[in-house]
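Following the hints, complete the assembly by docking chains B, C and D onto the known chain A.
Protein chains: 4
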Amino acid sequence: MTSSEPYIFELAIKVRDYEVDAEGIVNNAVYLHYLEHTRHEFCEAAGFSFRQMHHEGLDPVVSKIEIRYIRPLGLGQSMVSKLRLHRRGPVFVFGQDIFTPDGQAVVKATVDIVSFENGKISRGERLAQAFHKFL
Amino acid sequence: MTSSEPYIFELAIKVRDYEVDAEGIVNNAVYLHYLEHTRHEFCEAAGFSFRQMHHEGLDPVVSKIEIRYIRPLGLGQSMVSKLRLHRRGPVFVFGQDIFTPDGQAVVKATVDIVSFENGKISRGERLAQAFHKFL
Amino acid sequence: MTSSEPYIFELAIKVRDYEVDAEGIVNNAVYLHYLEHTRHEFCEAAGFSFRQMHHEGLDPVVSKIEIRYIRPLGLGQSMVSKLRLHRRGPVFVFGQDIFTPDGQAVVKATVDIVSFENGKISRGERLAQAFHKFL
Amino acid sequence: MTSSEPYIFELAIKVRDYEVDAEGIVNNAVYLHYLEHTRHEFCEAAGFSFRQMHHEGLDPVVSKIEIRYIRPLGLGQSMVSKLRLHRRGPVFVFGQDIFTPDGQAVVKATVDIVSFENGKISRGERLAQAFHKFL
Numbered sequence: 000m001t002s003s004e005p006y007i008f009e010l011a012i013k014v015r016d017y018e019v020d021a022e023g024i025v026n027n028a029v030y031l032h033y034l035e036h037t038r039h040e041f042c043e044a045a046g047f048s049f050r051q052m053h054h055e056g057l058d059p060v061v062s063k064i065e066i067r068y069i070r071p072l073g074l075g076q077s078m079v080s081k082l083r084l085h086r087r088g089p090v091f092v093f094g095q096d097i098f099t100p101d102g103q104a105v106v107k108a109t110v111d112i113v114s115f116e117n118g119k120i121s122r123g124e125r126l127a128q129a130f131h132k133f134l
Numbered sequence: 000m001t002s003s004e005p006y007i008f009e010l011a012i013k014v015r016d017y018e019v020d021a022e023g024i025v026n027n028a029v030y031l032h033y034l035e036h037t038r039h040e041f042c043e044a045a046g047f048s049f050r051q052m053h054h055e056g057l058d059p060v061v062s063k064i065e066i067r068y069i070r071p072l073g074l075g076q077s078m079v080s081k082l083r084l085h086r087r088g089p090v091f092v093f094g095q096d097i098f099t100p101d102g103q104a105v106v107k108a109t110v111d112i113v114s115f116e117n118g119k120i121s122r123g124e125r126l127a128q129a130f131h132k133f134l
Numbered sequence: 000m001t002s003s004e005p006y007i008f009e010l011a012i013k014v015r016d017y018e019v020d021a022e023g024i025v026n027n028a029v030y031l032h033y034l035e036h037t038r039h040e041f042c043e044a045a046g047f048s049f050r051q052m053h054h055e056g057l058d059p060v061v062s063k064i065e066i067r068y069i070r071p072l073g074l075g076q077s078m079v080s081k082l083r084l085h086r087r088g089p090v091f092v093f094g095q096d097i098f099t100p101d102g103q104a105v106v107k108a109t110v111d112i113v114s115f116e117n118g119k120i121s122r123g124e125r126l127a128q129a130f131h132k133f134l
Numbered sequence: 000m001t002s003s004e005p006y007i008f009e010l011a012i013k014v015r016d017y018e019v020d021a022e023g024i025v026n027n028a029v030y031l032h033y034l035e036h037t038r039h040e041f042c043e044a045a046g047f048s049f050r051q052m053h054h055e056g057l058d059p060v061v062s063k064i065e066i067r068y069i070r071p072l073g074l075g076q077s078m079v080s081k082l083r084l085h086r087r088g089p090v091f092v093f094g095q096d097i098f099t100p101d102g103q104a105v106v107k108a109t110v111d112i113v114s115f116e117n118g119k120i121s122r123g124e125r126l127a128q129a130f131h132k133f134l
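Residue numbers (numbering that gives the first Met the number 0), protein chains in the order written: chain A, 0 to 134; chain B, 0 to 134; chain C, 0 to 134; chain D, 0 to 134.
For the record, the hints were derived by calculation from the structure and aren't laboratory data.
Incorrect hints may appear among the rest.
In the DSS-like style, the derived pairs of lysine-lysine whose C-alpha atoms are separated by at most 30 Å in a straight line are [unchecked claim]:
#1 A/Lys-132 / C/Lys-107
#2 A/Lys-63 / D/Lys-81
#3 C/Lys-13 / A/Lys-81
#4 B/Lys-63 / B/Lys-119
Isolated chain A, as found in the complex (with noise of 0.2 Å):
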């Protein structure tokens, strides 16, 4: 996945104060909620769910994230959370870069998703079927 790529969605987020840490930025810990969180709505508004995907024997598991916080967020801020999305085999690459309002960068992600089809790694046939639309 190269930076050129165009996100596909986006979701606004904002601060929530107990997301704030005592040194009064957001806990590196929060990010990967915000991601997660966008990746959700990413595919409720695509017309899926993982639960369903759970109850249908397919199980996406994050096997790997890599995650760079570039500036940090405060009490009471926005932000705007990108996704692209990339597959590399059986291989769900989503980058994900969160921003502030005025287009600065935050975080820049890339998190890597599996399926387990009934426990057992599966090629992926049938999550890119879920995001053929995406990829």
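Using the frame of chain A, we list chains B, C and D on its own:
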């Protein structure tokens, strides 16, 4: 339940930095996590678990919490979380107080638990059996 | 405060998947986050902020919470978080109820706030001034 | 940093029930909390603290995290969180791996820390001094 009843379980817990919010004190919601963790450790020490109950069709759920915040905890501090148990008909009342290591009160809480059996609220007989040593 | 008093603020919130625990329902502590977030958004909408107060040496702190859990929320559900405000001497009592979108009660809570001025508990005059439109 | 370098610190941690999500496994973001808590306990054991550094105008911040999820943890499980430290110019690289008690890998992570001195990124000399025993 009167405050003269003895505690039947206690657990040492240490504040994790991410639990402290921008005001430099443990966020009010985090104490409910400490209280829940204490109840679960108590149950485990007593030889059973909420999850095992769940598998047997018995679901203890929190129906009410009353918590008074007396003294805030901050970065790096330790606490002792203590627990009493009392039954009031179908309701199991956990008296849960948290103290600093030198005995100063941090929070004082009462947590009401009722049990659902196969989806219906129960009279609590099975839960009473599980807790009989402590009632 | 009686339940016949009108709500003065409401906020739509959607459950984030990570807020749901292993039992498939929103964890009890998470509701305190929803309630806190609602208070902060209320204050912001009313033109001031807890953090601004803090800079002015005024620290509103939660002294007591009473919360009843009536109906659990699960994955993907939405809620409406409503708020009333009432003063009882130095204590500002927020009546905070959360409902499903079709009006079914989820939790009903009372949150007591007192304000510290330069480290000492105050009679609440400055906070009353900030909230005067709502009292 | 190669994987043959020895670990210099380890911490036993037990999963708390609220850290487990609806899929029955510890949520991906929670591992960053475990890693952060481990770093802080390491620093405390080594005789200094992030908060003390902060008071001295030195702010270590996380600039990048790479984490691989190998084996999920569930309700009631225990783990051992281990840590290595390595310096690469201004960057302090923590190699942080979490294992089950019997030695199976749970997550493997690399956490990059840089230090800001009075608001500007530093060459890391003061942090190197603090960590000199471990570099």
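Hey, B/Lys-63 versus B/Lys-119, does the alpha-carbon distance stay inside 30 Å? holds, 17 Å
Has the given pair, C/Lys-13 with A/Lys-81, been kept, meaning a C-alpha gap of at most 30 Å? OK: C/Lys-13 and A/Lys-81 at ~19 Å, within 30 Å.
Assess, step by step, whether the Cα of A/Lys-132 is no farther than 30 Å from the Cα of C/Lys-107, and give holds or violated. violated, 43 Å
Taken at face value, is the distance from the CA of D/Lys-81 to the CA of A/Lys-63 at most 30 Å? Answer holds: A/Lys-63 to D/Lys-81 is near 19 Å, not above 30 Å.
Of the numbered hints given earlier, the model fails hint 1 alone.
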